[in-house]
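Engineer: The lines below spell out each chain.
There are 4 protein chains.
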Amino acid sequence: MTKPKLRIGLIGSGFMGKAHAFGYANAARVFDLPYELELHTLADVTEESAAKAAAALGFARATSDWRALVADPAIEVVNITAPNALHKPMALAAIAAGKHVYCEKPLASQARDAREMADAAEARGVKTQVGFNYLCNPMLALARAMIEAGELGEIRGYRGLHAEDYMADAGGPFTFRHDPIGGGALADIGSHALATAEYVMGPAAGRITRVMGDCVTMIGERRDGEGLRRVEVDDLGRAFLRFESGATGSVEGNWIATGRKMQHDFEVYGTKGALAFTQERFNELHFFSTDDRKGRQGFRRIEAAPEHAPYGLFCVAAGHQLGFNDLKAIEVAGYLDAVAGRRPEPFNFRAGLRIQTLVETIQESSRAGAWRDVPTL
Amino acid sequence: MTKPKLRIGLIGSGFMGKAHAFGYANAARVFDLPYELELHTLADVTEESAAKAAAALGFARATSDWRALVADPAIEVVNITAPNALHKPMALAAIAAGKHVYCEKPLASQARDAREMADAAEARGVKTQVGFNYLCNPMLALARAMIEAGELGEIRGYRGLHAEDYMADAGGPFTFRHDPIGGGALADIGSHALATAEYVMGPAAGRITRVMGDCVTMIGERRDGEGLRRVEVDDLGRAFLRFESGATGSVEGNWIATGRKMQHDFEVYGTKGALAFTQERFNELHFFSTDDRKGRQGFRRIEAAPEHAPYGLFCVAAGHQLGFNDLKAIEVAGYLDAVAGRRPEPFNFRAGLRIQTLVETIQESSRAGAWRDVPTL
Amino acid sequence: MTKPKLRIGLIGSGFMGKAHAFGYANAARVFDLPYELELHTLADVTEESAAKAAAALGFARATSDWRALVADPAIEVVNITAPNALHKPMALAAIAAGKHVYCEKPLASQARDAREMADAAEARGVKTQVGFNYLCNPMLALARAMIEAGELGEIRGYRGLHAEDYMADAGGPFTFRHDPIGGGALADIGSHALATAEYVMGPAAGRITRVMGDCVTMIGERRDGEGLRRVEVDDLGRAFLRFESGATGSVEGNWIATGRKMQHDFEVYGTKGALAFTQERFNELHFFSTDDRKGRQGFRRIEAAPEHAPYGLFCVAAGHQLGFNDLKAIEVAGYLDAVAGRRPEPFNFRAGLRIQTLVETIQESSRAGAWRDVPTL
Amino acid sequence: MTKPKLRIGLIGSGFMGKAHAFGYANAARVFDLPYELELHTLADVTEESAAKAAAALGFARATSDWRALVADPAIEVVNITAPNALHKPMALAAIAAGKHVYCEKPLASQARDAREMADAAEARGVKTQVGFNYLCNPMLALARAMIEAGELGEIRGYRGLHAEDYMADAGGPFTFRHDPIGGGALADIGSHALATAEYVMGPAAGRITRVMGDCVTMIGERRDGEGLRRVEVDDLGRAFLRFESGATGSVEGNWIATGRKMQHDFEVYGTKGALAFTQERFNELHFFSTDDRKGRQGFRRIEAAPEHAPYGLFCVAAGHQLGFNDLKAIEVAGYLDAVAGRRPEPFNFRAGLRIQTLVETIQESSRAGAWRDVPTL
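Residue numbers (my numbering), protein chains in the order written: chain U, 1 to 377; chain X, 1 to 377; chain L, 1 to 377; chain S, 1 to 377.
A few of these clues could be false.
[Said to hold, decoys possible] Distance condition first, Cα-Cα at most 30 Å in a straight line; then the derived BS3-like pairs of lysine-lysine:
no., chain 1, residue 1, chain 2, residue 2
1, S, LYS5, X, LYS294
2, L, LYS52, L, LYS5
3, X, LYS272, S, LYS272
4, L, LYS5, L, LYS88
5, U, LYS88, U, LYS5
6, U, LYS3, S, LYS52
7, L, LYS52, L, LYS88
8, L, LYS272, U, LYS294
9, U, LYS52, U, LYS5
10, L, LYS272, X, LYS5
11, S, LYS5, U, LYS52
12, X, LYS294, S, LYS3
13, U, LYS5, S, LYS5
14, U, LYS52, U, LYS88
15, X, LYS88, X, LYS52
16, S, LYS52, S, LYS5
17, U, LYS52, S, LYS3
18, X, LYS52, L, LYS272
19, X, LYS52, X, LYS5
20, U, LYS5, S, LYS52
21, X, LYS3, L, LYS52
22, X, LYS272, X, LYS294
23, U, LYS294, L, LYS294
24, X, LYS5, L, LYS5
25, L, LYS88, X, LYS52
26, S, LYS52, S, LYS88
27, X, LYS88, X, LYS5
28, S, LYS88, S, LYS5
29, U, LYS272, L, LYS272
30, L, LYS272, L, LYS294
31, U, LYS294, U, LYS272
32, U, LYS272, L, LYS3
33, S, LYS294, X, LYS272
[Claimed, not checked] What follows is a list of derived Cβ distance ranges for each label pair:
no., chain 1, residue 1, chain 2, residue 2, range
34, S, ALA317, X, ASP291, 48 to 58 Å
35, U, PRO375, X, ALA96, 56 to 66 Å
36, X, ALA68, L, GLU48, 25 to 35 Å
37, U, GLY246, X, ASP169, 12 to 22 Å
38, X, ASP119, U, THR376, 51 to 61 Å
39, L, LEU228, S, THR278, 52 to 62 Å
40, U, LYS294, S, THR278, 52 to 62 Å
Simulated from the structure, these hints should not be mistaken for lab results. As the structure is a prediction and not an experimental result, all values here were calculated from the model. We treat Cβ as the ideally placed atom computed from N, Cα and C, and that holds for glycine.
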């Protein structure tokens, strides 16, 4: 029984470009994918860089013209890992050409652009994916499943966080991440905290309906060439949250948290139990249950194991552990299943729009110093 | 060289009454106190309960009349561990009689009462103390000292928390802690988180100047006798914080955090380092320093040791660990030093007023859905 | 209902002398002791030091003549915290005078002396206690109770450890702890690891019946005045263990474990579960149970709580935590109950002899390079 | 600049076969390998299973005849992931055909066979590798480098462990792992603990020169078809260790440690510092240094980061973490560098023989109840 072919085009060959290439390769080895994959063409800025990357990453062809890639009738899926500002034109062009599109986060710098992209994809009927790969961790799926199954009882509260320190050095230069439109810690990594919050809480508490934001710029100017440039985006963004069910929570995105490398954490509290997670040890989930007998209760360190699909496809036994790149392979496999119609899209452009909308609502709330309803999409 | 005597009167003999008695006894053995202590009189509700408690706790006399205790010219320090509603009349009476007063938290249910008490004490020139004993942990003193000494560089951010689960059971009864005036999780334990925030951040970041509150009632009614009674106080209270220096932070008090017994945590981030602490393991402080060489950096688990005074008075070597009751002994010793004029009062009525003011400002901000300046005292 | 008086004499006023005094004082406040205690006389090397210590520690009388204290007919319990070499003559004199004796560890430098002391006490019918206070931790009692109740199934294996670093500095001087008779890491702190092993494993696995030792001297000479003195005792001692039931294990005592302050750890493995403990966080016990459902199993961090008697006498709620000095109060209370005939002696001279016998059998096994049966007492 | 081709043959397609295939694929993407790899032929038991696995794992050809694969002149490297009993004939045949051989652990069931294989490979001049992939963790390389650089001072002691629970169920069947020749916990996973001990300690302490073993069978018989079969191999094996430098240590391999999934731990103690590691959190290394100032010392949690090569080839920033399969890719890359002559073989057949020799010496010591010198190879 041979599988249908699926031809992939990749735009960009930086870190995320590589991560996509690994993701496809690993997914093909680990999962029973619905397709035989063909890494067809890689587009990069110059012919030379494209050729080199294509060879290294296993693509058969190379081009410096992403529009040619997008227009190539042989290609069925377009992966976009180019700079953020190009996501929109590339995605719209690919959608117009009828391609499925797998775009790195952020989908767009502004919600209105993300909406345009989501609308276009749905109108054209192509399958889309935005790269929020922390969601692909089997321990997050476990958390969500436990919440959905009622193992924590009724869900009351949430505390989420994504803190790192890559912008903690005030001597570091002004970069595209400091761009007044679309930049800042909340957008860059607070978006992960928001995505996790809705992913984990969703089945029991529904979506975030209202927010109160607190976005703070601590490093007011940064080196830009010879001079200094004013920074307007936040170095950390906090929010109070309301969920549909009445549950409440808080979230923080922070890129000046000295010493923190991957503090993507959450805690969920229900009437009968609680969960605690940190990406610093992302092969573990800590679970408290009031069902345990008195005197024997405590947070229990569940280690990732074959019981927590799809971990078992990567490692035959508990304790071996997944790495960051494995999460990307899981993301790829989920998306390809969606392309084949086996399941809904795991995190499509509308989901990307959703995150961008949350970010912007929090930013707007912070500016206003008042609570804001999150617009429905 | 004999020490002057200091005669102690204690009102109340419940958990905190016992804790005070232990505190005096332990402090006398551990510290070189400025006084020879005499546990003079214990007052409780009935003659019988007072007599029994006096015997058990080592007081020479017993009475069911707290006013008699307060008026007794022999007594120089009055300890108040009676129900919250009595704190004010007892303290004012004791102050009027010229006694030093050591009152359990909360100082009063409302800031205006706390202010009256602080004003009275200052006018009369007596020394006061409010029991915020988590502050007496040598590891918190270490954190404060490190911040003051600049070991973290310039301080940018703070995240604080006090979460427990003693009100998580919706079937539990309505109690005095649910009283619309002065009750709620923010007042009851969020107050600890606020006290720690200002204690630790103070030397570098100054006081909290503005807050945005989010106080939430999750369990809207509770059993009261045969019927149900509406609960108006918060089950959890959150706040965004601004400090004088421009540093920002957040804090949460939560008494429905299923599974949490003592999650009194904080993290402080500076330009050169960070600290992380949890009361769940309160003989440790975790310290990150950018001064460590690249590739060897990491959060370092400092264990309480004789270098961290006054730990060494309790245990001769690192790793032996203090317990909760030892913190109370440290509190007592600090207060007695203040009574003797050796040092400023560690946490006097004005400090208690300060905490009450922060709590009420956060509550008011939450009701208004808007930021509020914290009134100066 | 008045309690009978019990008059206490204390020999020594160093760290352990203080700890005994605290222990009595705290025990009296925390527990419903069978006696009204009277701290009668304290003996120390000089009249002056004795007087000063008596005042500080609450003893009514002072003496420089321990023989007078031991002979005083008013005194009913003699506490010995003098240097190790004096334990035997002091204890024998006290026993001869019909006193109950509470002696710090090690009971004696050699098993034959310990045996003489145990025999004497039993012949005279006095109650004895050796200070192995880590055993008084409610979490160890919990571990023992869980094992006894079969919560781990059949017990198969044990791994124990007591490692610190107080002798890690090769530049440190030769002390009495390096004395060829009775000295060394195995005797000094490995003894704690052995005591814990038999305490925890006892109900299910019985006693240690055979050992294979490995005692190592790493720092072969130390400063002694102007010169260097050869060190013959071990800096670390390891042993393989056999228990009566057929369970096996290992244990290590180590005083040159750089960085370790209180690594008194153990792990127990049974057919249905496991326990892990470290004194570094001694208010916790970690429990794995195969009864938990698949996919939800994991080591569970049980925090000390009122369910774990006698924790609740010290703290009203979980998470507050006991300190080192509280363990001593528990030890005192257990001993006084034994003196009153309410319960068997928790850790009497024969138990002290048992530990000394284990230590010496391991040392002898190490010298011989062969397994040795542990002599029955 | 084109790279020379290297053609790979793989025998076996179970878990380790897959791991090898992934390892090659990932290594090719992550590292700048000296070769262009060609996955040439896969051999499995039947034509059908071989064809299926070849397709899934990316091999161009398939065969049921491993002798044909070994004889194929096109193939330059033979990977052996067949059952242990076949390692020797396959490896010898491949060596005879002049192939480089990469064999899963254990190299052979008995040291004498391993020696024959190592001798044959060296005589023929082919490059060999045994799969001890835990050694490929950058955090272990860091530990070794720190020890070599003297960051811990003079090394004194070691404690190592590899404990899991996959044989804890006494109801589980008799398997090839229980084979009297070559089976048992010490051989199966204690071998990892031994490999890590010599890898980490080597630069400072040299090799293990003497051992005292303690091998224990706890589950004496297991189901075998309808009946029960006697188990002669150990369920756990312990050893005391002596290193060339005079440092000492201990090690344990244990497959009945209920609840443990990957307790591959070690601690190293030197005169100036210490390291602690657990494979349960293998992207961390904990480091204590006496160079830190007093009052600020503590074990520091170093998170894997680009400073710790080759981590940075997998993840651009600290905290992202490697997974188990990434360790295999590092193993492959190291081996291919050795094949190309760029570096010595990371863990060749002689190293595999070394581990087997250690295992057998410990077993023999255990049987004799006496210390044994480790034979030099």
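Engineer: Hints first: check each against the structure and report whether it holds.
Structural biologist: Status of the hints after comparison with the structure:
1. S:LYS5 - X:LYS294: Violated: LYS5 (chain S) and LYS294 (chain X) sit about 38 Å apart, past 30 Å.
2. L:LYS52 - L:LYS5: 25 Å, holds
3. X:LYS272 - S:LYS272: Distance of about 25 Å is within 30 Å: holds.
4. L:LYS5 - L:LYS88: 27 Å, holds
5. U:LYS88 - U:LYS5: Between LYS88 (chain U) and LYS5 (chain U) the Cα gap is close to 27 Å, so the pair holds against 30 Å.
6. U:LYS3 - S:LYS52: 13 Å, holds
7. L:LYS52 - L:LYS88: Holds. LYS52 (chain L) to LYS88 (chain L) sits at ~26 Å (cutoff 30 Å).
8. L:LYS272 - U:LYS294: The given pair, whose Cα atoms are some 19 Å apart, holds under the 30 Å limit.
9. U:LYS52 - U:LYS5: 25 Å, holds
10. L:LYS272 - X:LYS5: 60 Å, violated
11. S:LYS5 - U:LYS52: Roughly 18 Å separates the two Cα atoms, so the pair holds.
12. X:LYS294 - S:LYS3: Violated - the C-alpha atoms of LYS3 (chain S) and LYS294 (chain X) are around 35 Å apart, more than 30 Å.
13. U:LYS5 - S:LYS5: 27 Å, holds
14. U:LYS52 - U:LYS88: Judged against 30 Å, a Cα distance of about 26 Å means the pair holds.
15. X:LYS88 - X:LYS52: 26 Å, holds
16. S:LYS52 - S:LYS5: 25 Å, holds
17. U:LYS52 - S:LYS3: 13 Å, holds
18. X:LYS52 - L:LYS272: 48 Å, violated
19. X:LYS52 - X:LYS5: 25 Å, holds
20. U:LYS5 - S:LYS52: With a Cα-Cα distance of about 18 Å, the restraint between LYS5 (chain U) and LYS52 (chain S) holds, given a limit of 30 Å.
21. X:LYS3 - L:LYS52: 13 Å, holds
22. X:LYS272 - X:LYS294: Holds: LYS272 (chain X) and LYS294 (chain X) sit about 13 Å apart, inside 30 Å.
23. U:LYS294 - L:LYS294: Given that 30 Å is the threshold and the Cα spacing comes to 21 Å, the pair holds.
24. X:LYS5 - L:LYS5: 27 Å, holds
25. L:LYS88 - X:LYS52: Given pair LYS88 (chain L), LYS52 (chain X) is violated - Cα atoms ~41 Å apart, limit 30 Å.
26. S:LYS52 - S:LYS88: 26 Å, holds
27. X:LYS88 - X:LYS5: Between LYS88 (chain X) and LYS5 (chain X) the Cα gap is close to 27 Å, so the pair holds against 30 Å.
28. S:LYS88 - S:LYS5: 27 Å, holds
29. U:LYS272 - L:LYS272: Answer holds: LYS272 (chain U) to LYS272 (chain L) is near 25 Å, not above 30 Å.
30. L:LYS272 - L:LYS294: This hinted pair holds, its Cα atoms lying about 13 Å apart.
31. U:LYS294 - U:LYS272: 13 Å, holds
32. U:LYS272 - L:LYS3: 46 Å, violated
33. S:LYS294 - X:LYS272: 19 Å, holds
34. S:ALA317 - X:ASP291: 48 to 58 Å: 21 Å, violated
35. U:PRO375 - X:ALA96: 56 to 66 Å: 60 Å, holds
36. X:ALA68 - L:GLU48: 25 to 35 Å: 43 Å, violated
37. U:GLY246 - X:ASP169: 12 to 22 Å: 18 Å, holds
38. X:ASP119 - U:THR376: 51 to 61 Å: Because 53 Å falls inside the window, the suggested range holds.
39. L:LEU228 - S:THR278: 52 to 62 Å: 39 Å, violated
40. U:LYS294 - S:THR278: 52 to 62 Å: Distance hint for LYS294 (chain U), THR278 (chain S) is violated at roughly 31 Å.
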